[in-house]
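Trainee: Position chain B against the provided structure of chain A, taking the given hints into account.
Protein chains: 2
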Amino acid sequence: MGKNNAGEEVQNKQVILRDYVRSYPKESDLYISTSTIKLQVPQGSNGVLVKNLYLSCDPVMQFQMRKADYHMSGYYYYVPGAPINGFGVAKVLDSGHPDFSAGDLVWGTTGWEEYSLIQNPGKLFKIHHTDVPLSYYTGILGMPGITAYAGIFEIGALKKGECVFISAASGAVGQLAGQFAKLLGCYVVGSAGSQEKVDLLKNKLGFDDAFNYKEEPDLDATLKRYFPEGIDFYLEHVGGKMLDAVLLNMKVYGRIAVCGMISQYNLDQPEALKNLLHIAFKRLSIKGFTHRDYHHIYPKILETVVPYIRENKVVYVEDIVEGLENGPAALVGLFRGRNFGKQVVTVAHE
Amino acid sequence: MGKNNAGEEVQNKQVILRDYVRSYPKESDLYISTSTIKLQVPQGSNGVLVKNLYLSCDPVMQFQMRKADYHMSGYYYYVPGAPINGFGVAKVLDSGHPDFSAGDLVWGTTGWEEYSLIQNPGKLFKIHHTDVPLSYYTGILGMPGITAYAGIFEIGALKKGECVFISAASGAVGQLAGQFAKLLGCYVVGSAGSQEKVDLLKNKLGFDDAFNYKEEPDLDATLKRYFPEGIDFYLEHVGGKMLDAVLLNMKVYGRIAVCGMISQYNLDQPEALKNLLHIAFKRLSIKGFTHRDYHHIYPKILETVVPYIRENKVVYVEDIVEGLENGPAALVGLFRGRNFGKQVVTVAHE
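Protein chains in written order, with my numbering: chain A, 1 to 350; chain B, 1001 to 1350.
Isolated chain A, as found in the complex:
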């Protein structure tokens, strides 16, 4: 890919939503199209024109592919015929905004396309530490990192020796959350959807133990095996049957931080939970949260996590596919759990 000059008009490959999705998204719900874009911010705009480098595949994008649901206000829904968007890392080529200049590296919401005009760059984060892989700003130093940090350090406020369970543990958030909990001296068990992921958790990510939920016919019994005394803290990603089994196995006064329920996102009929009664019986505290509530502590997160990366105290596993044209398969694969670690799409190297 050649060097682009500001003002030049270039071809712009894009990932377009074909039509609203109703159930599990399929690769054919998206298609690649090419338009043209002028590499210049329009006169009078305070936007920025960026070249996209890495795009993040995130579970919530399943919702954004659906027709807007009035209950889900706060989310941007994709528009059929237009490119989808999500978190990404990009390089500023031209700026109409006083905080950004050509050459800046940023992360935040951008389009699934080679170049994007970001009309409202106020929410972009400028990237200062570039001695770590730039793709990390879609993961450990991006939204999943904020989520894991908030879940473990802020909401969980974990104490040494506490028993912690993490579902979707090899995913973008789970792998970090587990490592953070280990750094705090907790006993940490993770669940994942393949033997390969289980091995990763135990052998590379330092979890005390891990299991493949697909091979466990009785999740209640499974959790009793790993947590004979019960669970102090559960980082909830998956919902459904797993949450139901967890409710049975929480300690009295146990805490659950909920950042997602990926198993339920595409079901027409969600799974019936039998054990919600235990919220009262066990006096559980359950707190839903999203990364958006913790953007104000991002500087503190960087101060903590960047040294962890440099000192190899945490590792971060990414599943990177090369090329925007391979984005739709990667994204749909995430919804099926086919990714191995954080799913990233490389659009261009810097």
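Distance condition first, Cα-Cα at most 25 Å in a straight line; then the derived DSS-like pairs of lysine-lysine:
1) A:K123 / A:K300
2) B:K1013 / B:K1091
3) A:K251 / B:K1123
4) A:K251 / B:K1067
5) A:K313 / A:K159
6) B:K1214 / A:K274
7) A:K313 / A:K182
8) A:K214 / B:K1274
9) A:K91 / A:K13
10) A:K214 / A:K274
11) B:K1274 / A:K274
12) A:K26 / A:K214
13) A:K67 / B:K1251
14) B:K1160 / B:K1300
15) B:K1274 / A:K26
16) B:K1224 / B:K1202
17) B:K1241 / A:K241
18) A:K123 / A:K38
19) B:K1091 / B:K1051
20) A:K123 / A:K91
21) B:K1159 / B:K1251
22) A:K214 / A:K224
23) A:K67 / B:K1274
24) A:K224 / B:K1067
25) B:K1159 / B:K1224
26) A:K274 / B:K1067
27) B:K1274 / A:K241
28) A:K274 / B:K1026
29) B:K1051 / B:K1126
30) B:K1204 / B:K1313
31) A:K160 / A:K182
32) B:K1241 / A:K274
33) B:K1300 / B:K1123
34) B:K1224 / B:K1241
35) B:K1241 / B:K1214
36) B:K1224 / A:K67
37) B:K1251 / A:K123
Anything over 10 Å on all C-beta distances counts as not near chain B; from chain A, calculated:
38) K26
39) S28
40) K182
By construction, these hints were calculated from the structure, which means they are not laboratory data. Don't be surprised by glycine CBs; every beta carbon is placed ideally from N, CA and C.
Mentor: Then chain B, alone, in the frame of chain A:
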């Protein structure tokens, strides 16, 4: 009923569990039997021998009629062939415990019988304020009072102008919780299961509004009608469909305090909740609790609530049946929502 003398052996009418209950309890799951009891604490025991005055009908007793479930540790299960027990108000006839003397009035766990030997009286509360109806110590000044106080003042920490929804609002806890929230300057709406109960909430208990959930085909639409801006705080008693609709109508950062889910207690197949995802999307905080966590603030609760009663700032509606032999019907009626206010059984007047 004549005056009893300590040491006398008397007949003791009891309510006995016939066999473990599997689904909705029926009146025939209980029967009345008469044994004898010596009105004296056995030599060397530090128990108390009490004459029972008022017995409390509480939702949790449905569980206690079942075969012990290892998940529900912390609850006492009834034994077939033996009298059931629950909260009640009683008078001490004889005491082997240094904290209690003959003539003391107490409330706490006692048997469903005329006289009980309470082996471990350490958990009984002594009654000091007797210018209020003694039956109130099964309700507003007993377990439901502690629950309502904790839910509204401690967990809810409600602020003036907040929008509060209370289900099972005419029940033992709900009617109080609603009045407490009104005293704090909140907008309070309650749901109940009959027009008569709705009228009670609006006309006598000072709720801003109320509805009969049995006549609302679309609870989501109902809640939107009463809470166009959403709900700040929900005191959860009922679970199931109501909770599912509430999740859709909570404000972002809304709080839910869960003291029970009575609609789900007797279902073989609990209702599927579709909207648990909103815990994350709306960043809800959900906290389960029971009165047992708040016994240490009971003196503070009395200091607040006794003056409220004396000054008519709160009223308390009781549904009192006379006679232990009418206890089984009253108890089973509670599980069906047949009670109008706090369900109490009078065993004897002091």
